[in-house]
Amino acid sequence: MSVDAISSIRPAVIEAARAGRRLEAADVRELAAVTDILAVGALADDARRARHGAATSFVRVHVLDLALLATWTAPPAGAREVRLAGQPASPVAAVDAVQRAKAIADGLPLRGFVLADVLRLGGAPLLAELKSAGLDEIALVEPGADAAAAVQTARDAGLGVRVIGAIACPSDRAGWILEARALVDAVGGIEAVAPLADAADPTTPTTGFDDVRQVALARLAFDAVPRVQVDWRRHGPKLAQVALTVGADDLDLVAADDDTSRGTRRAPLEEIRRNITAAGLTPVERDGRFASLAG
Amino acid sequence: MTFSLDALGARILDGGRLTADEALWLYREAPTMWLGRMADAVRRRKHPHGVVTYIIDRNVNYTNVCVARCNFCAFYRTVGHAEGYVLGFDEIHRKIDETMALGGNQLLLQGGHNPDLPLAWYEDLFRGIKAKYPDFKLHALSPPEILHIAKTSKLPVPEVVTRLVAVGLDSVPGGGAEILVDRVRKLLNCYSKATADEWLDVMREVHKAGLRTTATMMYGTVETDEERLEHMLRLRALQDETGGFTAFITWSYQPEHTERGGEEATGVDYLRTLAIARLVLDNFDNLQASWVTQGGKVGQLSLAFGANDMGSVMIEENVVRAAGAEYCMDEYEVVRNIENAGFTASRRTMHYEHLGTPVFRQREVPRVLALATARQEGDQSVPAELVNYEAKSAAGKRQRGQAPPSPVA
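So the protein sequences, as listed, match chains A and B. First residue of the first sequence: 935, per the numbering used here; consecutive thereafter. First residue of the second sequence: 13, per the numbering used here; consecutive thereafter.
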């Protein structure tokens, strides 16, 4: 007996998802309300396999925390990207951080900042300064009223903007997905959507059901975005691995320092490969420009 | 050997039983979402009213002194070790007071195989608790502990069980099962504490004595997939025979600070193992989620992979914490996760009788954001009553001022 027989999702929605047709807003909202999250997850898994097969990409990132300038080191040999983390305190601090990072980045792509933070701090001129200082890409854009214009401003300054994501958990999760999809339609060129966010209150974290549903919805709703991304560092191995079985195909922020002090099998690179393989998938390392390093 | 997912799915949905070969094939080959959805369908058939249960109790480890020396354990201390402890009766009573203040109704009481605690110590502990807290329940002493007490007191297991029941033992936790295959038990150095047959025999005796018990499985060390399923099938066979198991709980080996070391099995491995357990253990009513080893998120996702119970709020935990797992969920958080998954939350007893709505909705209960430990760090006090019990080890005798062993000529 097919598992579709025990599904609580309307056959028309299942059919649209399987055919790769764009889900209507009402379909997305309907899926967001389904408590049978494995039914949604199974549909999303089918959709990710139709696009990527079992291939699961990951990127090793050397993170430079803006709040810990004194601890910055050059990227280790395994790094494929340098990422600035945190919010700059001022335009001067932002430019200074980019210059310092560029000086040690050893030619690796340098990404950083949430687009709205930069625009709040210094508008288009600051974006141009950051580009001149060596920034290659804005790390993340959140959907919002002015987001499309903001992306255009950043791109006019020569900065890449290829990842849409959420910082704080939206109260209307389906609404966030629809808004983000509209932004993708407006600006194009988005490579990845990172749908998981932290709850505002750390004593009331997002739940496993919420996170799985959001990843699955992202896979099913974003027909024009190739990758659904999960942050390995922020969400942890267990949830990130489960996310790979419900539509995610890209793991961001894997540690670049391949620390083998706890044994080779527990080093970050081996751990990520082990987790991807244990999910029945195939690990493929990529660089900071979303290009596969396989072969 | 290859099977048809559709055919096996139809049989599962009809309530049919899986063979060992079919279960192994599904465990290895079935898509994760398929396994989960089948397990969820079985869970829904057994628990059609959308209720997920939990219990408010406290995991108390009365001693960490242990002669078993299982190589996967980070909790035990050897006899005479400076960090070895035995909790005093008054300390355990205080823990019961704290548990009752949070709405709790039982202790999960387990400990190391301490050669210096005779059967009389356990009898006095239980008797004292029941005298002071007559309605409070004791879910206590896993099969290897009962075996250990039987060995040290030179009494048969049935007699030990009878005596413990007489002083207040209410049910027996399924700890110490690890993997019920002797090849694995020898490699984990837990064969001597209880062979697979011995573990099952103790459970059989406890069921015969009229008590219910749980069953557990710790996976992710040296066992094969076949051995995980052999474990489940042996439990299923005993359940067919006695019907004494209330629930099954599985968790992954926690490797930090253990002699064995290695790495932990993944979250997907946990969910697949839980799901196949729901399908194989067709004669078990209840499957618990192990949020304490998997974290709250995968713990909650267990409810989609066959679990119908969120286990215990625990209040205190020492064993997996020693091995690196430090998750915490208080009653508020357990209930929030159950309801967020679309279920109705119900407190329960050890026998899965429903006790009603959450305690925090009836009265003010403080939030608990970290689990307590057995003792404050550095507390090396020795309970005064221990001098009343004869120690067997030289270190125990010295500590209690009892006659040293006769010198060897």
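These are computed hints drawn from the structure, not numbers from a lab. Among the hints, erroneous ones may be present.
Selected chain B positions facing chain A (in silico; Cβ < 8 Å) [what the hints assert, rightly or not]:
hint	residue
1	83
2	177
3	187
4	219
5	223
6	310
7	356
Far from chain B, some chain A residues (derived; all Cβ distances over 12 Å) [stated by the list, open to error]:
hint	residue
8	974
9	1137
10	1145
Simulated DEER-style distance windows between Cβ atoms [unchecked claim]:
hint	chain 1	residue 1	chain 2	residue 2	range
11	B	369	A	958	52 to 58 Å
12	B	60	A	1211	33 to 39 Å
13	B	81	A	1011	37 to 43 Å
14	A	1034	B	106	54 to 60 Å
15	B	170	A	1193	51 to 57 Å
16	A	1008	B	271	50 to 56 Å
17	A	1223	B	375	56 to 62 Å
18	A	960	B	369	53 to 59 Å
19	B	271	A	1170	52 to 58 Å
20	A	1193	B	132	50 to 56 Å
It should be emphasised that the depicted structure is a prediction, and the values quoted were computed from it without experimental measurement. All residues carry an ideal CB built from backbone N, CA and C; glycine is no exception.
Okay, the hints, checked on the actual structure:
no., hint, result
1, 83, "16 Å, violated"
2, 177, "39 Å, violated"
3, 187, "23 Å, violated"
4, 219, "34 Å, violated"
5, 223, "34 Å, violated"
6, 310, "5 Å, holds"
7, 356, "12 Å, violated"
8, 974, "10 Å, violated"
9, 1137, "7 Å, violated"
10, 1145, "6 Å, violated"
11, B:369 with A:958: 52 to 58 Å, "39 Å, violated"
12, B:60 with A:1211: 33 to 39 Å, "37 Å, holds"
13, B:81 with A:1011: 37 to 43 Å, "41 Å, holds"
14, A:1034 with B:106: 54 to 60 Å, "55 Å, holds"
15, B:170 with A:1193: 51 to 57 Å, "53 Å, holds"
16, A:1008 with B:271: 50 to 56 Å, "38 Å, violated"
17, A:1223 with B:375: 56 to 62 Å, "58 Å, holds"
18, A:960 with B:369: 53 to 59 Å, "35 Å, violated"
19, B:271 with A:1170: 52 to 58 Å, "26 Å, violated"
20, A:1193 with B:132: 50 to 56 Å, "51 Å, holds"
In summary, the numbered hints that this structure violates are 1, 2, 3, 4, 5, 7, 8, 9, 10, 11, 16, 18, 19.
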